[in-house]
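> Residue-level listing of the chains:
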Amino acid sequence: DAGVTQSPTHLIKTRGQHVTLRCSPISGHKSVSWYQQVLGQGPQFIFQYYEKEERGRGNFPDRFSARQFPNYSSELNVNALLLGDSALYLCASSFGEQFFGPGTRLTVL
Amino acid sequence: QQPVQSPQAVILREGEDAVINCSSSKALYSVHWYRQKHGEAPVFLMILLKGGEQKGHEKISASFNEKKQQSSLYLTASQLSYSGTYFCGTAWMDSSYKLIFGSGTRLLVRP
Chain Y
1 DAGVTQSPTH
11 LIKTRGQHVT
21 LRCSPISGHK
31 SVSWYQQVLG
41 QGPQFIFQYY
51 EKEERGRGNF
61 PDRFSARQFP
71 NYSSELNVNA
81 LLLGDSALYL
91 CASSFGEQFF
101 GPGTRLTVL
Chain B
1 QQPVQSPQAV
11 ILREGEDAVI
21 NCSSSKALYS
31 VHWYRQKHGE
41 APVFLMILLK
51 GGEQKGHEKI
61 SASFNEKKQQ
71 SSLYLTASQL
81 SYSGTYFCGT
91 AWMDSSYKLI
101 FGSGTRLLVR
111 P
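Residue numbers (our numbering), protein chains in the order written: chain Y, 1 to 109; chain B, 1 to 111.
Quick caveat, the hints were computed from the structure, so don't treat them as lab data.
Please note that a few of the clues may not be correct.
Said to hold, decoys possible - Restricting the straight-line Cα-Cα distance to at most 27 Å, the calculated cross-link-like pairs of lysine-lysine (DSS-like) are:
1) Lys98(B) to Lys37(B)
2) Lys37(B) to Lys13(Y)
3) Lys98(B) to Lys50(B)
4) Lys68(B) to Lys50(B)
5) Lys37(B) to Lys67(B)
6) Lys30(Y) to Lys13(Y)
7) Lys30(Y) to Lys50(B)
8) Lys98(B) to Lys68(B)
9) Lys37(B) to Lys59(B)
10) Lys30(Y) to Lys98(B)
11) Lys98(B) to Lys52(Y)
12) Lys98(B) to Lys67(B)
Unchecked claim - Not everything, but these chain B residues come out facing chain Y in the computed CB check (under 7 Å):
13) Ala9
14) Ala27
15) Tyr29
16) Lys68
17) Tyr82
18) Gly84
19) Tyr97
20) Ser103
Glycine included, C-beta positions come from ideal geometry on N, C-alpha and C.
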């Protein structure tokens with residue numbers, strides 16, 4: 001069975017640009033969560049979507065947005081990138097337990 | 001509001017046991033344990049639900065103390081492959097959909 005997939009694997013952007021990260025959940029899972037993990041810290045919750053509806057949002061600015069598509073895949077968008085947005089962005093697919101994808105490592109220069 | 005994990009770091013010899021603790025200041029709905037190796041994503045180990053039983057495999061198990069809002073992860077007869085950073089992710093009763101993670105416990109198992 002395929003696990004959670006994310007793309008791209010790595011991304012380098014400059015300040016002020018925007019970025020779109022993509023996630024495909026495990027087949028049969030209808031819920032997708034996004035987390036940001038800065039080096040040396042635990043993942044921080046950004047969003048959860050369930051059945052295409054936003055179920056919850058963490059303490060992140062409005063520059064962060066997301067959506068979920070009818071096939072349950074999801075996109076995370078970040079506008080006006082800041083140096084501090086450099087992190088590993090993790091997508092988790094859940095049906096009770098949350099399983100993480102490999103992540104997208106974003107570097108903002 | 002972030003759960004508190006202890007210890008922050010531990011070094012073991014292969015075959016030794018370890019306990020990692022996770023404490024929350026709010027009422028918990030569930031606790032999720034993960035192991036993360038350097039440069040990789042966190043890997044799911046187990047979930048403990050409020051009112052549930054202790055869970056585990058042969059050498060990795062966990063418990064959930066509802067009175068104390070604490071969970072403990074038990075690693076017995078540790079193997080080299082157990083090295084990594086262990087995170088607990090806690091879901092609160094009023095927002096069970098999101099996980100709040102502790103700062104992690106770094107575990108190093110040496111031959």
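> Quick one: which hint numbers does this structure break? Sort them smallest to largest.
Going through the list in order, the structure violates hints 5, 6, 13, 14, 15, 16, 17 and 18 and respects the others.
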